[in-house]
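4 protein chains.
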Amino acid sequence: MRKIFVALWLSGTVACASAQLPFPWNRVVNDSLYSETLGAWRDYSVYLPRTFEVDTLRQYPVLYLLHGLNGTNTAWFEILNAQDVLDQLTASAEAKEMVVVSPNAGGKIGDGNINGYLNMPGWQYEDFFFNEFVPYIEGKYRIIPDKQHRAIAGLSMGGGGATSYAQRHADMFCAAYAMSALMDLPTDYENASGDKDDSPLSLLFSSVKANGCAKYVEEADEKTLDDLRSVQWFVDCGDDDFLLDCNISFFQAMRNARIPCQFRVRDGGHTSEYWHSALYTCLPFVSRCFGN
Amino acid sequence: MRKIFVALWLSGTVACASAQLPFPWNRVVNDSLYSETLGAWRDYSVYLPRTFEVDTLRQYPVLYLLHGLNGTNTAWFEILNAQDVLDQLTASAEAKEMVVVSPNAGGKIGDGNINGYLNMPGWQYEDFFFNEFVPYIEGKYRIIPDKQHRAIAGLSMGGGGATSYAQRHADMFCAAYAMSALMDLPTDYENASGDKDDSPLSLLFSSVKANGCAKYVEEADEKTLDDLRSVQWFVDCGDDDFLLDCNISFFQAMRNARIPCQFRVRDGGHTSEYWHSALYTCLPFVSRCFGN
Amino acid sequence: MRKIFVALWLSGTVACASAQLPFPWNRVVNDSLYSETLGAWRDYSVYLPRTFEVDTLRQYPVLYLLHGLNGTNTAWFEILNAQDVLDQLTASAEAKEMVVVSPNAGGKIGDGNINGYLNMPGWQYEDFFFNEFVPYIEGKYRIIPDKQHRAIAGLSMGGGGATSYAQRHADMFCAAYAMSALMDLPTDYENASGDKDDSPLSLLFSSVKANGCAKYVEEADEKTLDDLRSVQWFVDCGDDDFLLDCNISFFQAMRNARIPCQFRVRDGGHTSEYWHSALYTCLPFVSRCFGN
Amino acid sequence: MRKIFVALWLSGTVACASAQLPFPWNRVVNDSLYSETLGAWRDYSVYLPRTFEVDTLRQYPVLYLLHGLNGTNTAWFEILNAQDVLDQLTASAEAKEMVVVSPNAGGKIGDGNINGYLNMPGWQYEDFFFNEFVPYIEGKYRIIPDKQHRAIAGLSMGGGGATSYAQRHADMFCAAYAMSALMDLPTDYENASGDKDDSPLSLLFSSVKANGCAKYVEEADEKTLDDLRSVQWFVDCGDDDFLLDCNISFFQAMRNARIPCQFRVRDGGHTSEYWHSALYTCLPFVSRCFGN
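Sequence lines, in order, name chains U, F, L and A.
In terms of this note's numbering, the first sequence is residues 47 to 338.
In terms of this note's numbering, the second sequence is residues 47 to 338.
In terms of this note's numbering, the third sequence is residues 47 to 338.
In terms of this note's numbering, the fourth sequence is residues 47 to 338.
I should point out that these hints are in silico values taken from the structure, not numbers from a laboratory.
Careful, some of the hints might be misleading.
[As the list claims (entries may be wrong)] From chain L, some residues computed to sit far from chain F (all C-beta separations above 12 Å): (1) Arg104; (2) Glu143; (3) Asn150; (4) Tyr235; (5) Asp291; (6) Ser295.
[Said to hold, decoys possible] Computed Cβ-Cβ distance ranges for the label pairs, DEER-style: (7) A:Glu268 - F:Asp77: 39 to 47 Å; (8) A:Leu103 - L:Ala303: 33 to 41 Å; (9) A:Asn76 - L:Gly168: 39 to 47 Å; (10) L:Asp89 - F:Asn338: 50 to 58 Å; (11) A:Thr97 - L:Asp234: 25 to 33 Å; (12) F:Asp77 - A:Thr97: 41 to 49 Å; (13) U:Glu124 - F:Asp77: 53 to 61 Å; (14) L:Gly337 - F:Pro167: 34 to 42 Å; (15) U:Glu99 - L:Trp87: 44 to 52 Å; (16) U:Lys269 - A:Gly337: 56 to 64 Å; (17) U:Ala86 - F:Asp244: 53 to 61 Å; (18) F:Asp101 - U:Glu124: 51 to 59 Å.
We treat Cβ as the ideally placed atom computed from N, Cα and C, and that holds for glycine.
Input sequences plus hints: build the corresponding full structure.
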């Protein structure tokens, strides 16, 4: 017994040392599905909590966690170490056990497939997400398929995507958490792609500009405002972030519309470390928002 | 100008977006030196702060940051992302600009070179560290070569190493920060290597047992205790860590000997995330301890 | 309207400025009840959340928050500003709306009524607490009267009291949070009262010694251990606290008995500031433990 | 010995229990001086660090800590418990030992003496502060009387005062920390005093409006901007604070002028708890800014 324990320790699976994290393990699975809407296979990564494979009748809440412009579905787990924070916060119950899903909304620059979360000519990703991806995931992974158990979060382009999704589909999410979010296109970026108007980057920037998150709130009618109040909102952006101003504008629009919205400005820029540390606030927040 | 900025952003060098982190960049260099003591080439990694290559006359304080049993010199930077935290905390001045050095004290299991920081038959690593490594590094990287500008920290086996080094060489370090430290061999581990007595693991465990950090304090004479009081100590260990008890014993020995020592028990186990987050306490602490 | 708002601001009711804290207000009420058990009137303070007087059919969870040796029922509110932290954490939903009750377990030194939370000759306070006080409070203030909505916490003598109560009445509490707790009588304090053996202080110290919290766990049978596992435990003690060792012993006893228990050692001593800041951990913890 | 220790504990001087806080004690002194400028006696409170009365040749850095509209010189100590945070952070060296001074810039409403930190007809407080108060204090309390050892901070009206003082007297302060600062008069407050134009409140509001902190930066010439860069700035305001927008405007003006400025938005409103907790950031910040 001691030998096994030492062997595990030595082999680098350090988490086993924790009294609170015995077998079974949580894990991240990479998989893909074929999208009729997009006419392509799309990758995704999914974090399954440690009880998932033993409590085989249990259903879980879900967090859709969106990557940024340069990321793919694996970024949150392979670069930003989301699993480490999930492990720790669920062990101490600061976060509920949940399934966390990252879809691939584009891909590495140079592949010609920078596309983003919004619908644009030739890339109906938002349609794919709601019509194909969500039903597929929630059928496959024992997720409680209702608003009170579904949250969305993301960083940079994914933070803008998470906010836009929760705005236009307020009936779908109980909570939205935006990190360093591309809430709108900064003035400097208009036509900054340097490419032809139908390049992937130009189309992406146009879609972001057309879907400004503050403008959406400012132009909303009373019915829409009421719908927005059914979601719990959190905006988190660094004081050195070049996107801070559009996050401020969004928060001010929300406050002026009397839609409760948490707002934090912490130390930092548009960096991996900011997003990693944001999980310490994000995961407890969505856990509190989830129904029981 | 805008195109360059967008291009940088798109290319994934996200830190460039921070107003507080313009050129020049900090960076991590991997290099090696030949040790006469060990009769072998030894790798090391060194983090150079962002001003290092422009303020070419400036000298810096240094932090020796020691890896754990399964790590090598690259672990703190490639797995634990120490650079991200260094970048953020130096940008906001919560940490001073410093050189951070990780030597390789062993290597991956299976290579037959699990050896650790302490002297043992056939592996005089402590001699190498003080007689060869420190002088080499401090000559090469414009480090202020005195006690008031030299600190040491480490995780697990490296936390025990950092503590032992600062105990036996109190004239060398102004501060020592131990994370989840292997302060002594847990009772269960005696003879647990399952190997012959002269296996690398058996030798390592014997050296740890022979150098118990609490025992060192309990058996110290008045002169030694005075020397220990010239170092500033910090012990940080998770409440789920299987090494917590030996950290408690060390802290209690220090307190009983009236040697000031900070002690923290945070949430977590013997995990990467614990060590990554410990840097938020460690780096400001050693920065406060550095002289001016 | 503006005049009213300015007037409110100027008059010092600064909380009114918060968009998240409109009328109605939360408030603290001081009251008393007659105890047949003790043959005396006993004071208590109760914090009522802001919805209490408008949602007149709503029932709330309850936290019993115990003062220390020199305190009375008002200490948590008038000295330690518990209301400020409750206001902030409930506004952001990090803590659930709850009723918080502080009974008076003694009184100021010199009044001859230092008596504590435990039964002792002439002072059956534990009997009073469970037979008279809890039923009275939970009938009067619309509290959900079951284990899943009842937690207990306290500082110093009150931290020991909270732990002992939850040990002997595990069916009553879903959570127990001990701050700088008098878990046992430090060796130095035996006979330290300097008074006759039947002085209030001597009786108090004897009762603490007779009810050591670590010993209770070490001597518990399997049935009792199972009962203890039905409570969620949290121990929080400063690294400069003279009671740290008995808190460590309690945590180690719990861990050895495989009873999950959170443990934190933060910076600080046996001070008001430690207890005030402990509420930032305590209130979210008990909120997570409360049933729905 | 034991009796004395118990007696101290019992008597409520709980800080004595900390191994890191032996005699001598730090303390807060209330005193007053006569102002020729104002033609009146003015009260002040001063916190002296624990070594002050034993290291009788030692000189200290100083923090001027300004109260808000409804406060007086005692507010930071008697209501906001600044001493508790100072004690803890200096014990762990997260803050340097410093003298902290609160002058009385007005007084309770109803006394007809709401006057503020800025010069206005009949109340040349800024002149008093720099010509009389600072020289008096720094002569009396062994303060190092130079820019590198002098910082300023304040809450609400005092946060605006601290910012304005550091703007117009950049040669005097190495650091300025603004909490929930009245950086400008909110639009709603113009003429909101409801009083005659020469009432104390009208005069105060006029002085705040005339000294808008963002405007000062926007209108500054190059020489002034360079001076402002010699101060280290920190802005800290809650997401529920009715003054958040003027703090945002100030930060944006600073960033646009390329003057480094830290900015944080934490959870909370215009409340005592926000200011108390701000000290945990403020005191380490000014300590890092102080010269050696």
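Against the structure shown, which of the earlier numbered hints fail to hold, in ascending order? 5, 6, 8, 13, 14, 15, 18
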